[in-house]
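Chemist: Sequence:
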Amino acid sequence: MNKHIEFKYILPNLFTASSIFVSIISIVYAYNGNFTTASWLIVLCAILDSLDGRVARLTNATSDFGMEFDSLADIVSFGVAPAFLFFFGL
Numbered sequence: 001m002n003k004h005i006e007f008k009y010i011l012p013n014l015f016t017a018s019s020i021f022v023s024i025i026s027i028v029y030a031y032n033g034n035f036t037t038a039s040w041l042i043v044l045c046a047i048l049d050s051l052d053g054r055v056a057r058l059t060n061a062t063s064d065f066g067m068e069f070d071s072l073a074d075i076v077s078f079g080v081a082p083a084f085l086f087f088f089g090l
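Sequential numbering from 1 applies to the sequence shown in the numbering used here.
Calculated from the structure, these hints are not laboratory results.
Since this is a predicted model, take the numbers as computed values, not measurements.
The C-beta atom is built at its ideal place from N, Cα and C for all residues, glycine as well.
Among the hints, a few may not be true.
[As the list claims (entries may be wrong)] Between beta-carbon pairs, the in silico distance windows are: (1) F7 to I47: 20 to 28 Å; (2) L90 to L11: 35 to 43 Å; (3) V43 to L90: 15 to 23 Å; (4) K8 to E68: 14 to 22 Å; (5) V80 to T59: 24 to 32 Å; (6) I47 to K8: 14 to 22 Å; (7) A46 to L11: 29 to 37 Å; (8) S71 to N32: 37 to 45 Å; (9) L58 to F21: 21 to 29 Å.
Build out the structure end to end from the sequences listed, making use of the hints.
Modeler: Pasting the structure below:
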């Protein structure tokens with residue numbers, strides 16, 4: 001069965017995936033002691049987090065997968081990355 005996925009469903013998830021990627025980069029910077037850059041990358045994650053929901057609503061492309069994927073990104077961006085920042089910064 002060949003399923004065609006519309007671009008409008010991919011775009012919001014690209015923002016979410018970018019947020020996860022930036023979070024991982026933030027963790028690497030925190031591990032290497034560059035806490036300022038790691039902090040700014042977490043701020044970038046917040047911006048990406050706000051954009052993915054807006055894009056999904058504007059394009060009428062909300063989905064159950066997107067909501068779960070966004071929750072995963074939130075855990076990594078605002079749970080794991082700040083935890084690494086505090087752990088290595090103290």
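Chemist: Compare the structure with each hint and give your call.
Modeler: Now the hints, each set against the structure:
Roughly 22 Å separates the CB atoms of F7 and I47, a value that falls within the hinted 20 to 28 Å. Checking the proposed 35 to 43 Å range against L90 and L11 shows it holds: the Cβ atoms sit about 39 Å from each other. Taken as a hint, the range 15 to 23 Å holds for the pair V43 and L90, whose Cβ atoms sit roughly 20 Å apart. Checked against the hint of 14 to 22 Å, the C-beta distance between K8 and E68 comes to roughly 18 Å, which is consistent with it.
Remark: the range hint 24 to 32 Å for V80 to T59 is upheld by a beta-carbon distance near 29 Å. Distance hint for I47 and K8: a CB-CB separation of about 21 Å, consistent with the stated range 14 to 22 Å. The given range of 29 to 37 Å is broken by A46 and L11, whose C-beta atoms sit roughly 19 Å from each other. Between S71 and N32, the C-beta spacing of about 28 Å breaks the proposed range 37 to 45 Å.
Distance hint check for L58 and F21: the Cβ-Cβ separation is about 23 Å, which falls inside the suggested range of 21 to 29 Å.
Consistency with the previously given hints fails for numbers 7, 8, ordered from lowest to highest.
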